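Below are the chains, spelled out letter by letter.
2 protein chains.
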Amino acid sequence: MKTKIGIGIIGLGTVGSGVAEILLRNGDIIKRRLGIPLEIVRAVTKDTGRPLPEGLNPAAVGTDAMQVIENPDVDIVVEVMGGIEPAKSYILRSIENGKHVVTANKALLSLTGDDLFRAASQRGVDLYFEASVCGGIPIIKALREGLSANRIESMYGIVNGTSNFIMTKMTQEGKEFKDVLKEAQELGYAEADPTFDVEGIDASHKLSILVNIAFGTPVNLKDVYTEGISGIQPLDIRYAEELKYRVKLLAISKMKDGSLEARVHPTLVPCSHLMSTVDGVFNAVYVTGDAVGHTLFYGRGAGSLPTGSAVVGDIIDIARNIQSGSCGRIPPASFKEEHRIALNILSIDDIVSMYYFRFTVIDMPGVLSKIAGILGDHKISVASVIQKGRKEGGEVSLVMLTHEAVERNVKSALQEIDSLSFIAAKTVMIRVEEGK
Amino acid sequence: MKTKIGIGIIGLGTVGSGVAEILLRNGDIIKRRLGIPLEIVRAVTKDTGRPLPEGLNPAAVGTDAMQVIENPDVDIVVEVMGGIEPAKSYILRSIENGKHVVTANKALLSLTGDDLFRAASQRGVDLYFEASVCGGIPIIKALREGLSANRIESMYGIVNGTSNFIMTKMTQEGKEFKDVLKEAQELGYAEADPTFDVEGIDASHKLSILVNIAFGTPVNLKDVYTEGISGIQPLDIRYAEELKYRVKLLAISKMKDGSLEARVHPTLVPCSHLMSTVDGVFNAVYVTGDAVGHTLFYGRGAGSLPTGSAVVGDIIDIARNIQSGSCGRIPPASFKEEHRIALNILSIDDIVSMYYFRFTVIDMPGVLSKIAGILGDHKISVASVIQKGRKEGGEVSLVMLTHEAVERNVKSALQEIDSLSFIAAKTVMIRVEEGK
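Quick mapping for you: the protein sequence lines, in order, are chains A and B. Heads up: the first sequence begins at 1 in our numbering, then just goes up one per residue. Heads up: the second sequence begins at 1 in our numbering, then just goes up one per residue.
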């Protein structure tokens, strides 16, 4: 019977510091849950200039990851350094050494998660990664355990806090994308190079992890359609509001006749839907299962302590496995390796969605009929139309919501429409989800 | 190595039928997660007139609970018959027989949960009860595992679907409590005798379970202050809306200087707060932890399949324990028995809250000053006042929101005020929570 569990932390940046802080500060209550203490045996960091978390013994801190990975007193390795290499090698080496691993590394998991899952399964150690998606929200655990009785039907996620902060500010204050981005950078909510967050890449990484464990399928990142928010204009946010929708960067996945949809893009969400009220840096995932129906999981998607909460939750889970001799109790990928089935992920051209269009047209008779005619020819039926402004011969906005249509048809129709003489600018298209 | 796990179900009512239906319908996907099948060995019911769930072998159905409890092929007993006895005896006997137990029985758990927890711990079997609180929402798992790194600071729950349906209808349609109750009864959302739901008793049972596992403390039901919604009038809902609040039946628990608050009552919640948007029969719990910050868990709180989803999720959890030989991996009460600490639960008189008052006064000069004076004498400071209507010498409503005050002082002040000559009716008092 072990009398304590040894923790090794690789990386003492934002997340690593949060992990250490929680382990030190909440040691008493963790021990009340677990029966024995968790001890930080070793923590390593390259950033030796950063102040150490309060209470962390400086003698336990080093710079060489091998002091964690090869340390016989370390039961659980916490990889919170980020990046692909050497993080991947460190994790694989830890697994080889029979150590359990907790990681928050979504980029690594979305690229080569299956390799890591397999290595951990074969070695009989645990690999947990709650912190990789939606920070402190226990969404991985919900999909893997809480909702395990269900056939998951769909997931809608607001999984990138930076984008959600920007969309919220643009909505509340009517500001341009580039101005809000600058604010977000000043507040530390966006990186100097924000591409990863605002172009949907981070969200697609997280979606691929959620899809993997919710549907029991490997996911190739390149099959996840990814479009960011940098092209969203305040005008469209305003028109969406008028139509009682808000614009959110959604990570969407649905089962559809045995195939999967997996896509990240700006989306009109009805104001009456809970997801439209998830604001600022908060994250949420709206999961529908065949038995449970609709559920929502909401919380902070980033930050030192919220992400640390997820990492330490995983550590406690593994410690409970160590204590009861049940490591490998749940497969890392949530489904048994031999029962994972590679599902087809639909091309974006094959999805069926509702759409928001903003046509910039020269205001003259016959325009609406011509546009509606071309849409009809492509099997796209119009649900509602608003013409904004009225100036004979001048440019006006013609805003439309469609019923469900096939994306391929939408693209053909818009190409045809955009070549018409009275179209004064490229048509804006944003997908719409009722979130049912 | 077991090749299947045997399930015995006691009760084939709404929940039991849902459990059977999910086990039968989703057997394939459950097997992909678990590796081996779950088999309904025996199901017993007293209601032999009710049609059996589709696919359930009639030969596996009986009427005598002993066919489940004493059955050597049953690994997990599912108690979904409800009520105190014989449910308690059945559970204890199952535990004695070395069987794991899943129950949805909140009344039983809130009354004698600690006895059951102790029996299960001593016998080394699992006792899981996700379905006892908030139906399909995996809130017990979140508190016991996902948020286990945290010191829980507060929980606000909408945990009774019947009350929430009634409050939502009263809000949306301006109807009287008794009329909406009748509708709810016709729709099957309320029982013929609705006392349990509308007087907050069911909510207090659920709160006591949540408090028990979130704070690691035994809870005596009589310490949970309980007040229902039957006294709520449409007028107060309307005034609350004007002040940008909605009225919800909330189950509230907070740590306060080492003591606990645990109370159920109608509450004004700001319209800007997520909890105010949880409508109809949906449930939600807003949990704040010291590391994770604010989180929300939302979904259906009742119904055959949502509740069945929670029961079957527990079954899968226990099946994973059986497979890995780790039953008793997590204590039923979430904290280790020897580390549970009996916390003091504050009397309702000692809580600090904000308040909504509606005074019915004879419209005459000096009234406001007299009332404000008495409130001030009792250390209650007024945040805002609206006088509704104006008719010299007639009855009008004077609506107030206060800053934080001690409940004992509020009661004394209202007693004094209600004895004044210009007070025409008993003053309405509803507590207000900002939900921070």
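Hints are supplied without guarantee of correctness; some may be wrong.
Which copy? The list can't say, so a pair holds if one copy fits it or any two copies do.
To be verified - Each computed SDA-like pair below joins lysine to any residue, with the alpha-carbon atoms no more than 25 Å apart:
{"hint": "1", "residue 1": "K391", "residue 2": "L243"}
{"hint": "2", "residue 1": "K222", "residue 2": "G35"}
{"hint": "3", "residue 1": "K391", "residue 2": "P58"}
{"hint": "4", "residue 1": "K411", "residue 2": "Q233"}
{"hint": "5", "residue 1": "K169", "residue 2": "P51"}
{"hint": "6", "residue 1": "K178", "residue 2": "S421"}
{"hint": "7", "residue 1": "K244", "residue 2": "D279"}
{"hint": "8", "residue 1": "K31", "residue 2": "S324"}
{"hint": "9", "residue 1": "K46", "residue 2": "F422"}
{"hint": "10", "residue 1": "K169", "residue 2": "K411"}
{"hint": "11", "residue 1": "K31", "residue 2": "G188"}
{"hint": "12", "residue 1": "K31", "residue 2": "R123"}
{"hint": "13", "residue 1": "K336", "residue 2": "K426"}
{"hint": "14", "residue 1": "K31", "residue 2": "L343"}
{"hint": "15", "residue 1": "K4", "residue 2": "T427"}
{"hint": "16", "residue 1": "K244", "residue 2": "Q172"}
{"hint": "17", "residue 1": "K370", "residue 2": "R431"}
Note that these hints are calculated values from the structure, not bench results. Every value quoted in this text rests on a predicted model; they were computed, and no experiment measured them.
For this structure, which hints from the list above don't hold up?
2, 3, 5, 6, 9, 10, 11, 13, 15
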